[in-house]
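K.L.:
Generate coordinates for the entire structure from the input sequences, incorporating the hints supplied.
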Amino acid sequence: MFGLQVRYLSIFFGLISVLSFFNIIYSFYLNLYLNLETYYISLILSLILAIIFYKINIYEKKPNIFEKILTVFLGYITIPLILAIPFYLSIYNLTFLNSYFESISGFTSTGFTIFENIKNIDQSLILWRSSTQWIGGLYFLFSIIFLIDIYDESFKKTLTNYISFNSSEIFKQAVKIFLLYSGITLLIFIILNLLSIRLFDSLNLAFTLISSGGFLPVNDLSTILKENFQIIILALLMLFSFFSIFFSYNLIFLRKKNINFFYEDFHLVIYFVIVISIFFLFFSFNNEFSNNLLSISSSMSNIGFSNNTENTNLTFVFLILVIIGGSFFSTSSGLRFIKIYSLFKYSLNQILSFSKPKNIFMSKLIFTKIKFDFDEINKYFLTVIIFILSLFILTALLGLSGIDFESSFKLSILTLMNTVNSSIYGLSEFDFNNLHFFTKYTLIFFMIIGRIELLTILLLIKKFLFKN
1 MFGLQVRYLS IFFGLISVLS FFNIIYSFYL NLYLNLETYY ISLILSLILA IIFYKINIYE
61 KKPNIFEKIL TVFLGYITIP LILAIPFYLS IYNLTFLNSY FESISGFTST GFTIFENIKN
121 IDQSLILWRS STQWIGGLYF LFSIIFLIDI YDESFKKTLT NYISFNSSEI FKQAVKIFLL
181 YSGITLLIFI ILNLLSIRLF DSLNLAFTLI SSGGFLPVND LSTILKENFQ IIILALLMLF
241 SFFSIFFSYN LIFLRKKNIN FFYEDFHLVI YFVIVISIFF LFFSFNNEFS NNLLSISSSM
301 SNIGFSNNTE NTNLTFVFLI LVIIGGSFFS TSSGLRFIKI YSLFKYSLNQ ILSFSKPKNI
361 FMSKLIFTKI KFDFDEINKY FLTVIIFILS LFILTALLGL SGIDFESSFK LSILTLMNTV
421 NSSIYGLSEF DFNNLHFFTK YTLIFFMIIG RIELLTILLL IKKFLFKN
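Numbering (my numbering), first residue to last: 1 to 468.
No lab work stands behind these hints: they were computed from the structure. Note that this is a predicted model, so its numbers are computed, not measured. Keep in mind that the hints are not guaranteed to be accurate.
Unchecked claim - Derived BS3-like pairs: lysine-lysine, alpha-carbon spacing no greater than 25 Å straight-line:
# : residue 1 : residue 2
1 : K119      : K226
2 : K55       : K172
3 : K345      : K379
P.N.:
Quick look at the structure:
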């Protein structure tokens, strides 16, 4: 039997019970009784599962990386089952598949929705949708730590500067991440309130921004954002899920400011400034810079929504930004900028070495003392290959479902990068509700694949297809 650490999952079932309790309080406070009993059911079931999973101890030794991957994968399947209960038992007569699709979409911070009109949903269920994103973002951060063995050494060394992986310190470190994640959520909520955005919308947007999710409490973001300064501030708040969750913490509390300590975020700042500068110089005519800034930040952070604007000439550019993604230890998806940059510089060095074999080429990342490691470059290359293969497989499967090639290709990118469909990608009117059940299950599977580090898929294939 696999040494699955199901006790790890009990934490999140416990958090679901807490979120269910808050939804009950919120429903009573605003006299929202339509779906009240569904939160009682989710509270009781999640609490029971939390206790059962905590008491279960089916492993006798330290789990290996394959068992850890399966544990994380199990969480992405089972936790949304509980999150789907308020959808399935609501007054909106949703099928189980649609309910599960909605909860998976929220938990993976993707944002695809089967609801055609958010205005028809009561506020308690809208808040529950946002909560699925929030807990999903936290689960993703914990999973990065849980699967630390598959990441490159430079990332692990950076992470160990402020996180201890000593087994006796696990609880303390988990609390540290939880408090920081919750604190940033509260900060975003306060800032949004200061922008004169109503309390309910601020809370839902805070859950969305910190988790890199895509659920909105309204049909169009333009009904919330009335002024340009609101758009600009919201765009900047999206960067909380673009940079490492420890970036702002390091800037404020780190005593020894060493650039190697948060080198990745420093590169991301340069990358962000360059992209913004290009858009400001070439694509910001007719006072559209604020909306372009929103679309750029939304794409870079893999959130995906826009302010009801559509520019088909820039769709490909925004999709590229989605694919690149943000920081390793953030809630964004993507291939990660530092991987792309490292691969580019390493490839350039290799090409130049053939033309000038006697020259010595720099193997360090710019502004740091960190050198390329050949094994890490191989991992980066494999990640890109796996993404390309996954992209073509999913595009083909969606094409077999009757979706045209352009929409299939765009939707495949957004699914694998856990980014919501919107007008900036030309898919704002895509109907998920009426998709064939095979297509929905396909999207569910690949939303999970996109959230798990793509390299884990290769490790599982190696484990089960190439047994000694």
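K.L.:
Hints first: check each against the structure and report whether it holds.
P.N.:
So, going through the hints one by one against the coordinates:
Under the criterion of a C-alpha separation no larger than 25 Å, the hint pairing K119 with K226 is consistent with the structure, at around 19 Å. A threshold of 25 Å between alpha carbons decides the hint, and for K55 with K172 the separation of about 20 Å falls inside it, so the pair holds. Simply put, K345 and K379 have alpha-carbon atoms about 15 Å apart, close enough for the 25 Å limit, and the pair holds.
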